Each structure stands twice: as C-alpha cells, then as structure tokens.
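Asks: Spelled out from the first residue to the last, the chains are:
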Amino acid sequence: MSLDLKIDGPDREHRPDHLAQNVLGHEIDRPDGWLKVKGEATYAAETFPEGLVHGILVRAPGIGRVSCANLEDVRNMPEVLAVVRDERLLRNAAQGGANEAPVQGVDTAEYVGQPVALVVAETFEAARHAAVALTVEIDGVEAPVDPEAVVPEEPDNQISTRGDLDGAMRHAPYSIDVVYTTASMNSAAMEPHAATAVWDGEVLTLRGALQMLKFNRNELADSLGLPPERVRILAPYVGGGFGSKLGISADCVAAAVAAMELNRPVRVVQHRRDVFEVNVRRSETRQRIRLACDTQGRLTGLGHEALVSNLPKEEFFEPVLQASYFAYAAANRDLRLKAARINRPATGSVRAPGEAVGVTVFEAAIDELAVKTGIDPIELRLRNIPEKDPDTGVPFSSHRLEATLKDGSERFGWNERDPAPRQRREGEWWIGTGMAAAFRVNMITPAEARITLDGDRATVESDMTDIGTGSYVIFQQIAAEILGLPTGKVDVRLGDTAYPPGSGSGGSFGAASTGTAVWLAGMEIRRALAERLGCDESEMTLRDGYVTHGNRRVPLADLVGGGAFSGHGRVEPGDAQEKVRQATYGAHFAEVGVNDVTGEVRVRRMLGSFSAGRILNPRTARSQCHGGMIWGIGMALTEEMTHDRRDGHVVNRDFAGYHVPVNADVPPLDVYFVEELDDWAGPLQVKGIGELSICGSGGAIFNAIHHACGARLRDFPATPDRVLAALS
Amino acid sequence: MKIELTVNGTARALDLDPRVTLLDALREHLKLTGSKKGCDHGQCGACTVIAGGRRINACLSLAVMHDGDEITTVEGLAEATGGTLQQAFVRNDGMQCGYCTPGQLCSATAMLDELREGWPSHVSDDLNGPYELTHEEVSERMSGNLCRCSCYPGINAAITEAGAAK
Ligand code: FES
Ligand code: FES
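From first to last, the protein sequence lines stand for chains A and B. Start counting the first sequence at 49; every next residue gets the next number (our numbering). Start counting the second sequence at 81; every next residue gets the next number (our numbering).
Fair warning: there could be bad hints in the mix.
Listed below are the simulated DMTMM-like cross-link pairs for lysine to aspartate or glutamate, each with C-alpha atoms no more than 20 Å apart in a straight line [as the list claims (entries may be wrong)]:
id, chain 1, residue 1, chain 2, residue 2
1, B, Lys82, A, Asp204
2, A, Lys86, B, Glu150
3, A, Lys361, A, Asp204
4, A, Lys86, B, Glu159
5, A, Lys436, A, Asp727
6, A, Lys627, A, Glu173
7, B, Lys111, A, Glu98
8, B, Lys111, A, Glu173
For the chain B half of the interface with chain A, some residues (derived, Cβ under 10 Å), not all of them [said to hold, decoys possible]:
id, residue
9, Thr113
10, Gly114
11, Lys117
12, Leu157
13, Gln167
14, Met175
Across the chosen pairs, the derived CB separations fall in these ranges [unchecked claim]:
id, chain 1, residue 1, chain 2, residue 2, range
15, B, Pro210, A, Glu476, 28 to 38 Å
16, A, Asn124, B, Gly132, 36 to 46 Å
17, B, Pro210, A, Ala704, 30 to 40 Å
18, B, Ala91, A, Arg389, 58 to 68 Å
19, B, Leu140, A, Asn124, 27 to 37 Å
20, A, Gly536, B, His202, 42 to 52 Å
21, A, Lys420, B, Thr214, 39 to 49 Å
22, B, Leu140, A, Ala197, 34 to 44 Å
23, B, Gly132, A, Pro360, 35 to 45 Å
24, B, Leu207, A, Leu772, 23 to 33 Å
25, B, Leu140, A, Pro443, 52 to 62 Å
26, A, Asp52, B, His202, 21 to 31 Å
27, B, Thr214, A, Glu464, 23 to 33 Å
28, A, Val151, B, Pro210, 58 to 68 Å
I should point out that these hints are in silico values taken from the structure, not numbers from a laboratory. From a predicted model like this one, the values you see are computed outputs, not experimental measurements. We put the CB at the ideal spot given by N, CA and C, even for glycine.
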C-alpha cells in the first residue's frame, strides 16, 4: 500500500501544528553528528572490500585526438593491473537528473583535463606512479575556448519579451544600462568525488559520492550497458555536493568498468585537481541589465540579458534569468539567455544554479538605480514588488519579501545609515553597508519513502541522501512527530538504491519532497493504527510512545502488537505548479571595509532574514543559511576559476589557487527566519532553504563596497587589483 | 619499511612502502578512515592529526618519518580529551557534511593547547601572551582547516564553548 499525493492545490489543514510530539521546528541534534565527530561516518572511499585495488584517472593535456604511446610499458610496471582506455569512460559528469549516460569516450579530448584513461594497480602509490608515467599525446585541433569569441546560440525558450523596453529606456526619467560579469566557479566540496565498485558477476555495487541516487543508478547502468536492476548505489554519507555530485562522475564509470574487467573491487578517488576539471563548474556569465523607472522609482522597463557557456552536446545552461521572470514588476520587459559552445570543462548546477549569479548581479544593478534616483534601496524594492507573477500572470502562493526586508532592515539598523557613499573612514579603511534581496524558485519533485513501525521503534528508509543538509535529522523529526515518538526512537536509513526512491539532494527540494513522502508514510501508519482503534486518525493522540483516544491510553507497542506496521508515501508535483508562482524570499545586509591602500575588502558583519516555509529544524536551517551567505562572500571577493586564454585549461585547479572562504574571511553572521506557512507547499508547508541564502548575498557585499568607497565594481570577484583600479 | 606508530594509545607495527603518507598509513593500512583526504597536498586541513602533541597535515608527511611517534586521530580524541569539544560540535552544529570535521576537531584540540601555552598568532597584539579565546583569534588560528559547507559560525561557537569549559 502507499499513500500518494499530487500537489494540485493548497492544504489549509496545517496538520503538523495539531500533533502532540512537538519536535518539529525544534533544534534537535543531527543523529549522524555523533558518527561524524567520532570519525565513524563512512564516505565513498572508506570501505575495504576483499581484494580492493586502486585506480587513478589520467587526464588529457590538450584538446584533440588522444593516443598513449607507452601504454604497454605502463601495463608492465610493477603492481599495475590494467590501463583502461574504454569508450564507456565519461567525458564529464552527468547533469543533474540526466537519468541516462552523459557523453562518453576517450579517443578525443574535448577539453583540457578530460579523463582519457584509468590506471589500476594493487596499491594507491603504484597506481599514482604509473599514472604519471603514462604519456598522453594529443593531435590537437583548434577549439574555441572564449565565450566572447563565438557566435552564441539563442534558444527560443530562453527569450521572454513584453512591451517596448527600448522605448521605456528612452523615455524614463531614470535609467541604467550596465554590464556585469561573474567568474567561472567550482563547488569544491571537501570530499573529492570517489567511487568504490564491486562486481559479483551479476550485480555492480557502487559506493559513491553522489546526490541523486535514483537517477545515478540509471546513469551508471546506461553508461555500462547494464539493466538498472543490476546496479546498486550506496551513498549513506556524502562529503558535500553543492551540485557537483548530482550526476555520476568519471570515477564511477571508471571504477565500475575496471571492477568488471578485473573481477576485483576497484576504488577510484579523484585528485583535487581532477575535481576542478572533470565534473561540472558554474559557468562564467556576462550580464547586461537595463532598468528604467519613473520619478517615484516604479520600474517601467526591465532588461536582463546573459551570456553563459557549456561544452558541445551538453543541454544545461546556467539559468541566470530564473528569478528575473518574477522578481520585479515592469510593463516593458526583455529577458534573454545566450549560450556559447566552447571547449572549457563542462558547466552544470552549482548551488542555486541561475539565481546565485543572476540575483546577485541584478540586485547590484538595482542598487545603482537606487543611487541614481536617490530613493532608499529598500524602499525602491518595496515599490516594485509585483502583485502577481509578471511573466505568467498567476498569483504568488505566498510572498514574504516585504516582511524579510523590513525584518532585516530593523535588525541590521539600516535606518541609521547615511545614504551618501564614502563617508566613514577608520584608518586605511573605508566602511560601508549594503543590502540585496534574495529570490529562489521553490520546487517539489517526485519522492518516495517508507516507514516501518515495529513496537515503538520506527525506521525511515529512502534512497535520499544527506550531503550535509540535515536530511537525517529532519526525517527523524517528521517521523517522530507524526507517530508520536521521541526522536531517539526513530532510525533513519538513507543513501541506498535498495530503499524507495527519494528526490535526491538538489535544487533545495529535498526537505519538501522526500520530507513529505516521509510524512505520508507516517500518515498511512497513523490511519492503520486508528483503524485498529476504531476511530479516525485525527481523533487519537500519539505522544511519547502512547496512544490516547477518548479516555483510553495504551502504549503504542501494545497497539502495534506482534506484527510491524509499514507505511509508504509518494509525493509528486501537480497542478499547483501552474496555478501559482512559488518561491522563497529574503534580505541580505552586509558591512564591509575597503582598504584604501591595498584594495582589500573585508566583510565585517552580515545579516540575513529569510522566509522559506515551515522551518523544521532551526539549527540545521541556520547552518544552511550560513553556508549560502559565506558562499556569497567567496563569490564577491575571492572565487574565480581562471581559464587559460589559449586552450581554456583551468589554471588554478586547487585550493592554493582557487580561494574558498576560510574561517578568517567570515565575520559573525546573523540569520533570522520570517514566519511563513505556504499552503501550496504540501501538508508540511515546507520549502527549500539550502540555496536561498546564496542568492544575492554577494550583491549586498558589492553594494556595501560602493557605499564604503564610492567605487562601483561590476566584475565579480572584487579582488584587490580590481578594487584599486576602481578606487583610482 | 618496518615502523611502529602509537596510534590513539595503541602500538601498531607497520611494514610500508616508503611512499605511503602518514594519512594513507592511517586510512588504508590501519583502516582508521576518520582522518580525511581533501586535497592530498596540504591545502585543506581535512587530514589534520595530532603527532607528538602538535597538529600536522598527515598528507604532507611520510609515514616512515613517524617511526616511534604518538599519533592521535579523531577516533581517539574522545578518550584523550573527554569529548567536550565533540559534544560542542554536535550541539552548535559545527558540521554539515562532516568531511572536514575530524580535521577541525584535531586542529582545534591542539590549537587550544597552543593558546594556553601562549603561542601568538597573526592577529595577536603582542608576542607575549596570555591570549584570549576571541572570535578573531579562533578564526585566525583555525584558518588552515577549510570547510566548504561553511560551518565556521558553528565551528567557532563550539570551540569557544569547549575552550571556556576547560
Ligand atoms: S588532505 Fe591534507 S591538507 Fe588536504
Ligand atoms: S562540514 Fe562539510 S566541509 Fe565542513
């Protein structure tokens, strides 16, 4: 049996508010936290199947036809078991949700760094030595690597126009027409992508560093030419993903092919330098923003045009305009995305694909308009909040932007700010503050989960992953709430394709999708328990392992009796998607210091106020927000993958060259949640939170830089050289 | 080469290829996978262990250089320190994915000792301690341990709480 739900309309019951256990919305410890602090959580490269051997990926040093002249010599090196040059190896990682094999092949390298061989040896040291010894020759071809130097594609479905933007720009009392750029960026999760493959002659079992197992299983099966039933994937703990582990990566297929060929378990771990090249990165963007408004700051024209890039044959293009469709009202609009096909490493989803860079830039441009009109930036935004979705005309399911702007502004002390730039100086430092709004689309995707109730102990199972987001604890809380159990009585098992297919971790949809499936599974059990009691499930109270109905109170274990109860839940998106526009909103505030002598920018404090539906666990939700805000610091100040002008290779492909924020880059952060129960978000009223906080945070920092020193930077990141140039 | 390490209080005899790093000796040969490999060349701190009382990047050190050394890894931390810091990490959500966490814990344990012993840092006002456990000092001294999940607020809160409890 299964309790299925298609989200077609609003749910006004708000059942979680009428349950008795009272664990939802509380700061409960992560059950996996204890394993993690003791070093007992095992990641993708941390099991030791009998006979395990090690594989190292070898990457192409150029673009063109690939040959390996000394292949046989390397095969004969001590302890070397195989040099795999198999056409099934992946060119780059699969895109999120691909559900089929990505581009494969090793004969031609289409970007510098493409995996072209796997060297397998008895030990890691021998494999590494042999991998270095393998000579890879390239018969080079000219390939475009500069997105600005090719004629971009203009996909029809990426253009949306209305009215006459050019006319609006000509006639408006205030307008801006500016071009911003953002850098090529990398997820750089701390756990390098890794796979341990075991082949028993029938079934291929792979422990991987992956985010969306139900898709990954099909991708791997398709890549190998196996039916999906003969592939099992495990990923109980994943050391961060941020989009880079949405689809199967080169290590997975390489390990599987080698394991099947050698009949030995094979582990392949990407070197940190592989991580920067062979998976997916965030596309660099060039964004032109045009804004026109009347004397009151009401937008009459809005243009957002973006250029992004990807490798040939990839379908993904960074959806830069995603929030621009609905963020602000303007009668005359022109939105268009252009896509350059170039031979740099593949682009794909990185934390909040689209809005992370699109909102960040747009919010910086809005600040320029605010300065030009002399209207307070918060007030300017408030005057342009649309009544309904400006693109489709449908209503918003819930819209809390105004509340977050006001809440954040008050807590940050925005009103004490002198709006004039370049007013506050402390020694060498110019001090200033800035703000930005946050927007992120909200999604629910198909998901299933199962709960087994045995006595007074429940087990939740789904192939859903926890990539640090807190899946383990929130599912524990949801199951505990609906079944009336202390959280300690609920075990959560995730990350195994043997369990019902969850949503996977991506697009901030995990909590709402798989969480709702867990809820439905619990509801099915509740109903079965009520039936046994002879009442409606809403008439009984489940709490602390007891069932109360009228004046009867029995231990849950007694009611369950000898046989276990099983519940299965399945949720899928429905008509609600068309009936309303659903999103999450927030407001970012930042204070920065800009060094007048060195051009260094330091963030001194940051505050975010967010609305993202029911907050299941404020502690883990806050951590997600911290993460996004800090990624905004990285995007604004330090993160930039530099591509060689001649062949597009990643120049700074490690942590010494690619600077993610470190502890000392991060000031004290304040995070607040504005209450929101969005009826269109399913029975739990839960929305996504993992990405919202990166959308716009870098914009707040850029705006603060302008307020501090009077210089307007339009190229992310604001490295000291750029700041110095802007200061002079 | 034959060496002996005392890992978390237990003597362990090993016969290793001289190319094996201390990190791989722990992870692959002793199957103590608590210490993590984030970059394998000294840029992330995920592999931090305590050797002879000092925090080091185990990936930057060959195992054979540690013959006779005492090594504490995350697996032995609770026993060695009472687990206050680990509890504080769980309570303050000093982790998300948990991959950097063992390195953060080992690093913070040794860092608190350095602070108590009066070692100055880049942000210290003068070269002679004592030094306070301020936000600035903690974040400066912990900047060799990257956390891409960006749990720095939780990590610092946990360290401050555990440091104050000592
Ligand atoms: S693994 Fe040793 S510093 Fe990164
Ligand atoms: S918790 Fe994921 S890298 Fe620190």
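Asks: Is the hinted range of 28 to 38 Å satisfied by the C-beta distance from B/Pro210 to A/Glu476?
Replies: holds (29 Å)
Asks: Is the straight-line distance between the alpha-carbon of A/Lys436 and that of A/Asp727 20 Å or less?
Replies: holds (17 Å)
Asks: Below or equal to 20 Å on CA atoms is what counts here, so check A/Lys627 against A/Glu173.
Replies: Not satisfied, since the Cα-Cα distance of roughly 58 Å exceeds 20 Å.
Asks: At the C-beta level, are A/Asn124 and B/Gly132 separated by a distance inside 36 to 46 Å?
Replies: holds (42 Å)
Asks: B/Thr113 was flagged as interface toward chain A. Is the shortest Cβ-Cβ separation under 10 Å?
Replies: holds (4 Å)
Asks: Using 10 Å as the Cβ threshold, decide whether B/Lys117 counts as touching chain A.
Replies: holds (7 Å)
Asks: Classify the hint on B/Met175 as holds or violated, based on whether any CB of chain A lies nearer than 10 Å to its CB.
Replies: holds (5 Å)
Asks: Starting from the hint 35 to 45 Å, judge whether the C-beta atoms of B/Gly132 and A/Pro360 obey it.
Replies: violated (54 Å)
Asks: Hint B/Gly114 vs chain A: min CB-CB distance below 10 Å?
Replies: Holds, about 2 Å.
Asks: Is the hinted range of 42 to 52 Å satisfied by the C-beta distance from A/Gly536 to B/His202?
Replies: holds (44 Å)
Asks: Identify whether the interface hint at B/Gln167 stands, where standing means a beta carbon of chain A within less than 10 Å of its own.
Replies: At 8 Å from the nearest chain A Cβ, B/Gln167 passes the 10 Å test, so the hint holds.
Asks: Does the Cβ pair B/Pro210, A/Ala704 satisfy 30 to 40 Å?
Replies: holds (33 Å)
Checked against the numbered hints given earlier, this structure breaks hints 1, 6, 23, 26; the rest are met.
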